[in-house]
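K.L.:
These protein sequence lines map, in sequence, to chains A and B. The numbering of the first sequence is my numbering, which starts it at 1 and goes up by one. The numbering of the second sequence is my numbering, which starts it at 1001 and goes up by one.
Errors might be hidden in some of the hints.
Mimicking DSSO-like on lysine-lysine, the simulated pairs with C-alpha atoms at most 30 angstroms apart in a straight line are [what the hints assert, rightly or not]:
hint : chain 1 : residue 1 : chain 2 : residue 2
1    : B       : LYS1049   : A       : LYS98
2    : A       : LYS77     : A       : LYS158
3    : A       : LYS196    : A       : LYS120
4    : B       : LYS1333   : A       : LYS177
5    : B       : LYS1194   : A       : LYS92
Quick caveat, the hints were computed from the structure, so don't treat them as lab data.
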Amino acid sequence: MRIVLFLERNSFHFCSSVLNLQIFVPDINLFTHLRIVRTNTEAELIAGIKRNNHDSFQKIFEKYSQPLYSFALSYLKSKEAAEDVVQEVFIKIWTNRKTLKTNTSFQSYIFTIAFNAVRKYFNKLAKVNTVKHDILQSFSGNIENFNNDSNFQLLLDKLDELIEQMPEKRKQVFVKKKIEEKSLKEIAEELSITPKTVEYHITEAMKFLKNEFEQLNVKGLIFFYLFIRN
Amino acid sequence: MKKNFDVHILKRFSLGKYSYNDYAEVQQWFNQTKDFPELKKELSVEWEKLTREETANKESLHHIFEKIHYQILLDQTSREKKFNLLKFYRQVAAILLIPVIAFLLYQLGRNEVAPVNTGWVEITAPEGARVEFFLPDSSSGWLNSGSKLKFPAVFEQNRKVQLLGEAYFNVKHLAESDFIVDVSDFDVRVLGTKFNVASYYNDTQTEVVLEEGRVEINGKSGKFNYTMTPGKRAIFNRELRVLNVEDVEAERYSAWKDGYLVIDQEPLGQVLSRIERWYNAEIVVEDETLKSYRFKATFKDEPLEEVLRLIALTTPIKYRIDKRELDTDGVVKKKKVYMKLKNN
Chain A
1 MRIVLFLERN
11 SFHFCSSVLN
21 LQIFVPDINL
31 FTHLRIVRTN
41 TEAELIAGIK
51 RNNHDSFQKI
61 FEKYSQPLYS
71 FALSYLKSKE
81 AAEDVVQEVF
91 IKIWTNRKTL
101 KTNTSFQSYI
111 FTIAFNAVRK
121 YFNKLAKVNT
131 VKHDILQSFS
141 GNIENFNNDS
151 NFQLLLDKLD
161 ELIEQMPEKR
171 KQVFVKKKIE
181 EKSLKEIAEE
191 LSITPKTVEY
201 HITEAMKFLK
211 NEFEQLNVKG
221 LIFFYLFIRN
Chain B
1001 MKKNFDVHIL
1011 KRFSLGKYSY
1021 NDYAEVQQWF
1031 NQTKDFPELK
1041 KELSVEWEKL
1051 TREETANKES
1061 LHHIFEKIHY
1071 QILLDQTSRE
1081 KKFNLLKFYR
1091 QVAAILLIPV
1101 IAFLLYQLGR
1111 NEVAPVNTGW
1121 VEITAPEGAR
1131 VEFFLPDSSS
1141 GWLNSGSKLK
1151 FPAVFEQNRK
1161 VQLLGEAYFN
1171 VKHLAESDFI
1181 VDVSDFDVRV
1191 LGTKFNVASY
1201 YNDTQTEVVL
1211 EEGRVEINGK
1221 SGKFNYTMTP
1231 GKRAIFNREL
1241 RVLNVEDVEA
1251 ERYSAWKDGY
1261 LVIDQEPLGQ
1271 VLSRIERWYN
1281 AEIVVEDETL
1291 KSYRFKATFK
1301 DEPLEEVLRL
1311 IALTTPIKYR
1321 IDKRELDTDG
1331 VVKKKKVYMK
1341 LKNN
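Please build the complete structure, drawing on both the sequences and the hints.
P.N.:
And the structure:
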């Protein structure tokens, strides 16, 4: 069993990374006392977190961050969103550390927070995914087949990849128009270009995407019933 | 659309092989979790499975932890600042109350009054953190890792503060009142200005870099007296007890307050003591020759591992980071890094 000793003086914790900012008023007696904390089982780590122990917090992070990341990733399909979930969950654990319970299952406590966070991000991403679906569908010859094809994730990833390949200005215009669904006028003002130029970029971007997807289709990298029309 | 929960669809979705129609279903369940309690149940089963799995050789999530830690420290500072300001005002109020009572007593034609007991305020920035501070005269500044600043809760005629370590000051000019920074080797007398002072007890020198305005450096025993102009760096060598002055780019010396770690053609020996404080780590150099290697780099918000990795990329240096150990008293030690020459 490992023993960690930590000192407490006033409210002054000598934890390596705790930030202290405090006012000393003369004539106040500084009293010092020692406490012995054993850090081994999960319950003990939780108790450590409750006492502001950053090392316990880090150990809990090391234990749960990886499963949490995989969990979030499998429902959000976005590395950034999954990282955000991990961050949000652990900040919540730290913020609510005083109310943590050592006698109930910590694993299911994390699940409750994680589930809500995943749900929140899922709904946020749903809007963007619907918009992306509409773009992809517009290239498709057979809408019903398209909606039933099990490669939707592959197409979403491909779309993101192709958007990244566009020239900077075109990418900006395309994302603002098609993903954020802003009006021509708004975009023209934001980027200080004429609405005509905005339109031009959109047409070119759509042409580029269509062309790329068609090629993938020809190469057999994507299913066949896309682009039967035209 | 069907109004049923289908675990197969959810499985397909989580594995990434799904159709848009599948997605539309899953979306509905996530959107109305109350109507589909099966979703939460199924996810909790998945979660349990994941926590039981071995998670070896996956990409490190340490950078997320660094972010979380940073966020926590930020929240904590702002909260403690608020809390302490309240305390500070209470203290000021208490001090102001004494003369009021004294006056009343005097009015009653009675006793003399006990002397006023002014408090000192002390701000500490632990290693690995930087703290912004505000003084009662609305001067402000930043305190670097492992530094301490002490000042009276209420300034008297002259504003005098004591510094141990490094701080950046933005001093408000007051015609009637000098601002003096007291470091171990000398006093810095200021007239409304921006400047950086570094005086760590374990360094061999104390330095002042002036960004704007004018400051005067007065030796403790009246040994020297030097007036600085902007863009100058004054270095006091503690061993030789002499003051040297050079021309520098002043902003570089205060870039730390904005979170930049700037290294400009400095020998490793000097750089390391800064990195040690910055990251609250201990670095052991195993080959003395390494200390003379020079570097140029600027880091912002990079974790220690990344900084070391970049240094090792550009120089023939090998390093390893030890697990944080407990010493004999059971206190967690600092992170320890060993550096040595790559032999090829």
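K.L.:
Determine for every hint whether it applies to the structure shown.
P.N.:
Against the structure, the hints come out as follows:
no., hint, result
1, B/LYS1049 with A/LYS98, "holds (28 angstroms)"
2, A/LYS77 with A/LYS158, "holds (13 angstroms)"
3, A/LYS196 with A/LYS120, "violated (38 angstroms)"
4, B/LYS1333 with A/LYS177, "violated (54 angstroms)"
5, B/LYS1194 with A/LYS92, "violated (39 angstroms)"
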